[in-house]
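What follows is the residue order along each chain.
2 protein chains.
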Amino acid sequence: MSRRSGILEFAVLGLLREAPMHGYELRKRLNTSLGIFRAFSYGTLYPCLKTLVANGWLIEEPGSAPEEAVASSLAGRRAKIVYRLTPEGKEHFEELLSHTGPDAWEDEHFAARFAFFGQTEREVRMRVLEGRRSRLEERLEKMRASLARTRERLDDYTLELQRHGMESVEREVRWLNELIESERAGRDQRPGTDAPHDNDSGETGGLPRHGGSTRPDPSDDTAK
Amino acid sequence: MSRRSGILEFAVLGLLREAPMHGYELRKRLNTSLGIFRAFSYGTLYPCLKTLVANGWLIEEPGSAPEEAVASSLAGRRAKIVYRLTPEGKEHFEELLSHTGPDAWEDEHFAARFAFFGQTEREVRMRVLEGRRSRLEERLEKMRASLARTRERLDDYTLELQRHGMESVEREVRWLNELIESERAGRDQRPGTDAPHDNDSGETGGLPRHGGSTRPDPSDDTAK
DNA sequence: AATTTCATGTAATTCGTTACATGATTCC
DNA sequence: GGAATCATGTAACGAATTACATGAAATT
Chain E
1 MSRRSGILEF
11 AVLGLLREAP
21 MHGYELRKRL
31 NTSLGIFRAF
41 SYGTLYPCLK
51 TLVANGWLIE
61 EPGSAPEEAV
71 ASSLAGRRAK
81 IVYRLTPEGK
91 EHFEELLSHT
101 GPDAWEDEHF
111 AARFAFFGQT
121 EREVRMRVLE
131 GRRSRLEERL
141 EKMRASLART
151 RERLDDYTLE
161 LQRHGMESVE
171 REVRWLNELI
181 ESERAGRDQR
191 PGTDAPHDND
201 SGETGGLPRH
211 GGSTRPDPSD
221 DTAK
Chain U
1 MSRRSGILEF
11 AVLGLLREAP
21 MHGYELRKRL
31 NTSLGIFRAF
41 SYGTLYPCLK
51 TLVANGWLIE
61 EPGSAPEEAV
71 ASSLAGRRAK
81 IVYRLTPEGK
91 EHFEELLSHT
101 GPDAWEDEHF
111 AARFAFFGQT
121 EREVRMRVLE
131 GRRSRLEERL
141 EKMRASLART
151 RERLDDYTLE
161 LQRHGMESVE
171 REVRWLNELI
181 ESERAGRDQR
191 PGTDAPHDND
201 SGETGGLPRH
211 GGSTRPDPSD
221 DTAK
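These protein sequences, in sequence, are chains E and U. Once you know that position 198 of the first sequence is 198 in the working numbering, the rest is easy, because the numbers rise by one and skip nothing. Once you know that position 115 of the second sequence is 115 in the working numbering, the rest is easy, because the numbers rise by one and skip nothing.
You may find that some hints are simply not true.
Covered stretches of chain E (chain U as the covering partner; in silico rule of three or more C-beta atoms under 8 Å from a C-beta of chain U) [claimed, not checked]:
1) 21–34
2) 114–122
3) 154–164
Derived SDA-like pairs (lysine to any residue); straight-line CA-CA distance at most 20 Å [to be verified]:
4) Lys28/E / Arg139/U
5) Lys28/U / Lys80/U
6) Lys142/U / Ser41/E
Since the hints were made in silico from the structure, they are not lab data. Idealized CB from N, CA, C, for every residue including glycine.
Could you build all of it, start to finish, from the sequences and the hints given here?
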């Protein structure tokens with residue numbers, strides 16, 4: 001059943017929720033718009049799309065040039081394919097979105113989830129943010145402990161590296177605190193449609209001014 | 001010839017330079033002491049050690065219990081193996097250390113290198129730090145460009161994520177600036193042994209107070 | 001006319017993990 | 001004597017990359 005890392009699948013579903021796209025465009029958005037994700041290669045993306053289709057979560061539609069393409073009998077015609085989310089796919093994505101298992105606190109899972117926060121309920125967002133925070137706090141605990149145990153045996157550069165690493169984590173914790181804070185304050189007394197409905201329903205807490213998650217590159221648009 | 005990611009190989013060589021160790025201990029140091037590295041599993045580490053031995057960079061030595069182990073003729077005896085760097089291995093490591101190809105600016109490669117800065121010459125350190133900095137600046141350029149292109153189409157959370165990501169990178173650039181600064185100031189007029197000699201020869205520029213590189217976990221000492 | 005960017009795919013390979021299998025030693 | 005931790009390995013699998021292969025459309 002190939003439960004891929006899940007992240008690519010998740011992101012593809014999430015992006016296609018906005019609008020149908022073909023693979024090429026999808027890949028670009030994976031690199032750029034979502035700030036976070038590493039650039040998946042075509043070798044990864046296209047096969048993944050095929051399995052999503054096989055699962056009934058997407059359907060393939062003819063890309064541009066819809067007229068003459070079908071007419072020309074030649075089999076060699078390479079088709080442009082636009083992928084569209086099916087209702088089942090939409091449902092599946094919503095399941096994934098609200099399903100906050102322990103994986104959801106890991107770096108990339110968290111970032112992927114966060115990128116689609118606009119489509120979730122505040123309750124879920126809080127769970128994810130708080131889960132992420134405890135995950136990081138655990139990490140800090142271990143780093144501190146290990147540092148305490150080994151400090152004297154390490155040279156200055158190694159020490160410096162560890163310190164910078166810890167500070168990065170501490171910084172993210174502060175960021176999370178602000179986010180949690182503003183989620184809490186955000187729209188607390190707000191009733192109305194609590195469901196994460198179709199297109200941007202304006203649902204969004206008040207966000208602070210800050211940034212992200214230090215994923216490697218996203219760059220290299222040109223998949224050399 | 002299996003050029004693994006290179007990082008594990010590099011780190012193993014570097015750690016064994018300090019002292020012979022067996023695989024188990026090596027793995028722990030990979031997780032903790034070097035702050036940065038993800039926890040390599042035994043399934044990765046042991047085979048890697050074997051190929052390093054095959055390359056003549058390490059030799060295996062009987063671990064503890066050297067007396068009775070050899071005496072007992074039983075083949076079933078599982079040996080404890082201590083790995084020691086050979087002169088060829090040492091040479092190879094030094095080659096890797098000073099060989100600053102474009103890979104060296106990537107996240108993990110950079111972190112790995114930095115962790116062994118204590119064993120390099122200032123000249124090399126400068127090259128690596130500056131290379132890393134331009135790498136990050138390129139990245140920032142692309143992020144800024146992409147943000148400018150797509151800003152209005154993105155929701156608040158995605159935007160927030162991108163902002164945090166950019167700030168993380170900017171922060172690392174500032175860190176690098178400080179490091180470069182202090183390398184430059186460090187021991188500029190210093191003559192003497194310029195070679196990165198055997199054990200800690202006290203060679204170290206003046207470092208600022210800061211930290212590192214946001215690698216995921218290192219935790220999970222207990223390889224579940 | 002040539003180059004870049006759009007567009008889709010496959011095969012081989014690399015890097016790494018998990019789960020399994022085994023056993024010794026140390027601490028309580 | 002039982003648990004934790006030390007210690008070493010292998011086989012099956014997973015996720016993703018690279019290099020290859022192909023070709024259409026848009027731009028210069």
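Here is what the structure says about each hint:
{"no.": "1", "hint": "21–34", "verdict": "holds (count 3)"}
{"no.": "2", "hint": "114–122", "verdict": "holds (count 5)"}
{"no.": "3", "hint": "154–164", "verdict": "holds (count 10)"}
{"no.": "4", "hint": "Lys28/E / Arg139/U", "verdict": "holds, 16 Å"}
{"no.": "5", "hint": "Lys28/U / Lys80/U", "verdict": "holds, 16 Å"}
{"no.": "6", "hint": "Lys142/U / Ser41/E", "verdict": "holds, 18 Å"}
In terms of the numbered hints stated before, the structure departs from none.
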